[in-house]
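What follows is the residue order along each chain.
Protein chains: 4
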Amino acid sequence: VRAAPAPKAIFCEKPVDLALDRARTCAEAVHAANAPCLIGFQRRYDPTFAALKARIDDGEIGTPEMLVVTSRDPGAPPVDYIKRSGGIFKDMLIHDFDVFRWILGDEAASVYATGSCLTDPAIEGAGDVDATAVTIRTRRGRLAQINTIRRAAYGYDQRFEVIGAKGMLQAGNHRPTEVVSWSSEAVAADKPEHFFLERYRAAYANEMAHFFDVLAGRATPRTSIDDGVAALALAEAATTSWREKRIVEL
Amino acid sequence: VRAAPAPKAIFCEKPVDLALDRARTCAEAVHAANAPCLIGFQRRYDPTFAALKARIDDGEIGTPEMLVVTSRDPGAPPVDYIKRSGGIFKDMLIHDFDVFRWILGDEAASVYATGSCLTDPAIEGAGDVDATAVTIRTRRGRLAQINTIRRAAYGYDQRFEVIGAKGMLQAGNHRPTEVVSWSSEAVAADKPEHFFLERYRAAYANEMAHFFDVLAGRATPRTSIDDGVAALALAEAATTSWREKRIVEL
Amino acid sequence: VRAAPAPKAIFCEKPVDLALDRARTCAEAVHAANAPCLIGFQRRYDPTFAALKARIDDGEIGTPEMLVVTSRDPGAPPVDYIKRSGGIFKDMLIHDFDVFRWILGDEAASVYATGSCLTDPAIEGAGDVDATAVTIRTRRGRLAQINTIRRAAYGYDQRFEVIGAKGMLQAGNHRPTEVVSWSSEAVAADKPEHFFLERYRAAYANEMAHFFDVLAGRATPRTSIDDGVAALALAEAATTSWREKRIVEL
Amino acid sequence: VRAAPAPKAIFCEKPVDLALDRARTCAEAVHAANAPCLIGFQRRYDPTFAALKARIDDGEIGTPEMLVVTSRDPGAPPVDYIKRSGGIFKDMLIHDFDVFRWILGDEAASVYATGSCLTDPAIEGAGDVDATAVTIRTRRGRLAQINTIRRAAYGYDQRFEVIGAKGMLQAGNHRPTEVVSWSSEAVAADKPEHFFLERYRAAYANEMAHFFDVLAGRATPRTSIDDGVAALALAEAATTSWREKRIVEL
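Chains as they are written, first to last, in my numbering: chain A, 1318 to 1567; chain B, 1318 to 1567; chain C, 1318 to 1567; chain D, 1318 to 1567.
The following block holds chain A by itself, in its conformation from the complex (with noise of 0.2 angstroms):
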């Protein structure tokens, strides 16, 4: 709010505020300034998730009808920081509800949002759970599902996969190694990267040469304030549903 009108350029985290009313507000306030604003969504930069766009794009499986999203951290956060952290769909979930926006170029309609707490009470006592389960119908028809969890013994495991007529398209997790061991137990490879920063290296740096170009003049933000917006609203929506217990029309 007040750098837009400076005038300065926004390099903005996710979520753009916790409260939805405040962050419309700081999208009003780019908009009637005309700043350069991008979101750090970095997901959209990433190789894998960008080729995967693209080839949907180039109509590789027709018009994509259902995504099934899984998103798992390989551990939860100090009790301290989720009890500010506007809970797990504005934390965590946050990013796939982008995801969801930008793959199936399509808004919700309905959310149906559940949770439990499954891996500290901890969690629980801060008034939030650490696997959830969403649901998302879109305006025409189509369907997505979401599920997460704090904590996978692996380590960071973030794919989806996006089913069309002509056939379905995965992104899969990324590697540190591609070394393959054989033994008398089994055939084992990498576990995934461990966690955002070494999975989205490649994502954090394109997101970045972006912004550049957007600060040249040379790009507009592909992941603008407005797409900020409407992934908070998707996660309060979500919020909603788990604590009222009921589906939420958008």
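Just to be clear, a hint being listed does not mean it is correct.
Just so you know, same-sequence chains aren't split out, so a pair can sit in one copy or run between any two.
Dumping the calculated DSS-like pairs for lysine-lysine here, alpha-carbon to alpha-carbon at most 30 angstroms [what the hints assert, rightly or not]: (1) Lys-1400 - Lys-1370; (2) Lys-1562 - Lys-1400; (3) Lys-1562 - Lys-1325; (4) Lys-1483 - Lys-1370; (5) Lys-1483 - Lys-1400; (6) Lys-1325 - Lys-1483; (7) Lys-1400 - Lys-1331; (8) Lys-1331 - Lys-1370.
Just so you know, these hints were derived from the structure itself, not from any lab.
On the provided structure of chain A, position chains B, C and D as indicated by the hints.
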């Protein structure tokens, strides 16, 4: 109802009946006559699925916490069949509901189901859907998601994954051969086995062998009529959830 | 030699004989009597290998130019067996020599073989080796390499790959199940099928079905006694190359 | 020879020289001046290859017994380059000879090499081959096979596998993305990285970082001029084996 008191040994494909109360009457007749009765949930006899279940029971991943089931057919049956099928939840997902109960060893507390007609308007004309997204919360707070579609261009897609505190186990598709082609286009493996007759060939053989063991008094049915009724109850709850657009408590 | 003029239909496991001249005498007897005679090179009947061969014949990779064969046993047979086996080239690699001829559709111009005793000194005591590296140049200048060892800790390893101008085709191992485990250690799939009885279960069934077709006059043997003699000739050349430390021209 | 006594730190791409005696003269000059000298065998700095080597050194598979190296280029360089390259063994396989020495930690006792011109007659016209098959026996009796071709339609193919008493370790190709496509044709992953600049991007960076460590006196060269000479000696032996059609003892 007629076979049990005859007395005859009974092998019954799913669903036990399209009506839950009639299925319960069947179960009562079977129990009253103490008749050997096996329900054809062949997936429990599949080598991959059975190995995964045994590894869970051995504690490999700790307590199972989340389940994600992918269940996609290569194509829809004729609309005439769909009209008499009881709907996609009783016809197709009933297998997934049985897998859910078997793998998690838990019962549903609530079911949310939604669906769309994405592949053929004639299915909508028959009052059914061809794509569904189902979420189940169990009594112990665990979460399961099932995604289903009647048309997977690449064949029969039957996967699931189970997450526990110590890791994840996945059941993958089976391929006709292990040929891999490296071309100027891609590195390509076989599509999955085309449909259930190919995919569950070994499962059907194991199922029959188990039925013979039951007939010979060497075993009690691993897929009992109570399993048949329980899966049907879930299918009915899912149908209600979809039709009435609400969460169904069980 | 006795069965052919009887006349009897003949099913003969490899090698036709340990001595090349005696094997040739057998072939003459079979040809003189025009007796149906099938040599048990079961790998040609394996679904994976047969599919790969069919795709080569369809021109998928162009003319095959190079072949790399990996052929490893899970463990050595008893030394008493090894003493009477004719040596590793006639006992074990004879299958690989047949695969070489079948896949490349070409004949050897020269053979170089070397070997070592790496797993058990008793095998050296029996005058044999347990690890070999073989190179074959064909009459048309194509190249084939075979690597073999008697002890693969991870089970039976039966892979090959064929390179042509348009790409490569690989035949991979078969696994007992398609379960994959994601743990804090690794992402692990099943080891290969343990040994030939498991790995070539389908191949043996197809082979027998083909033999019945031969008996019924519906087919001529796809693995003829001439194939048996040709593979034995390669095994003998390889044995000579290894013993005399020289390249053997054919 | 001029840089070492200058004194200058030296970074030298392979081969040190096309003539083995001149390369040895260089090594003497480097040793006499005690000059820091790094040979550009970048594969030793590759994350996948280095991880595999570290796991061998940790004893994961026991003593390495056999090595199979696959080394294929996406296309041949111009014939003018080939004429001045010293031939395929000094130009292309010299990297594989270095990998052999590094991975097995052993030296060659004998080399057998054969080759063919399969992709372009102009290469034969230049006195070279474009496909080779090499076998090395080490002083301790271990076996290595290298297969090489100048034209892999699917891109740069850089794999190897090492077998020991306790299992096998494989180094696989790297892919640009982890997108997998499931279509009515196949289940298809990306081709390997196209050529060495892409495949060894991380290796080159690590190599340079190591060279800076050498310059700063924090490390001694991991790929020394002696490694450069030893790999060249193997390339020369292989060239002789191929030209004279004989096994070369070292």
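Going through the hints against the structure:
no.: 1; hint: Lys-1400 - Lys-1370; in the structure: neither (35 angstroms within a copy, 37 angstroms between copies)
no.: 2; hint: Lys-1562 - Lys-1400; in the structure: within (21 angstroms within a copy, 33 angstroms between copies)
no.: 3; hint: Lys-1562 - Lys-1325; in the structure: neither (42 angstroms within a copy, 47 angstroms between copies)
no.: 4; hint: Lys-1483 - Lys-1370; in the structure: both (15 angstroms within a copy, 29 angstroms between copies)
no.: 5; hint: Lys-1483 - Lys-1400; in the structure: between (44 angstroms within a copy, 26 angstroms between copies)
no.: 6; hint: Lys-1325 - Lys-1483; in the structure: neither (45 angstroms within a copy, 47 angstroms between copies)
no.: 7; hint: Lys-1400 - Lys-1331; in the structure: within (17 angstroms within a copy, 48 angstroms between copies)
no.: 8; hint: Lys-1331 - Lys-1370; in the structure: within (21 angstroms within a copy, 40 angstroms between copies)
Checked against the numbered hints above, the structure breaks hints 1, 3 and 6 and satisfies the rest.
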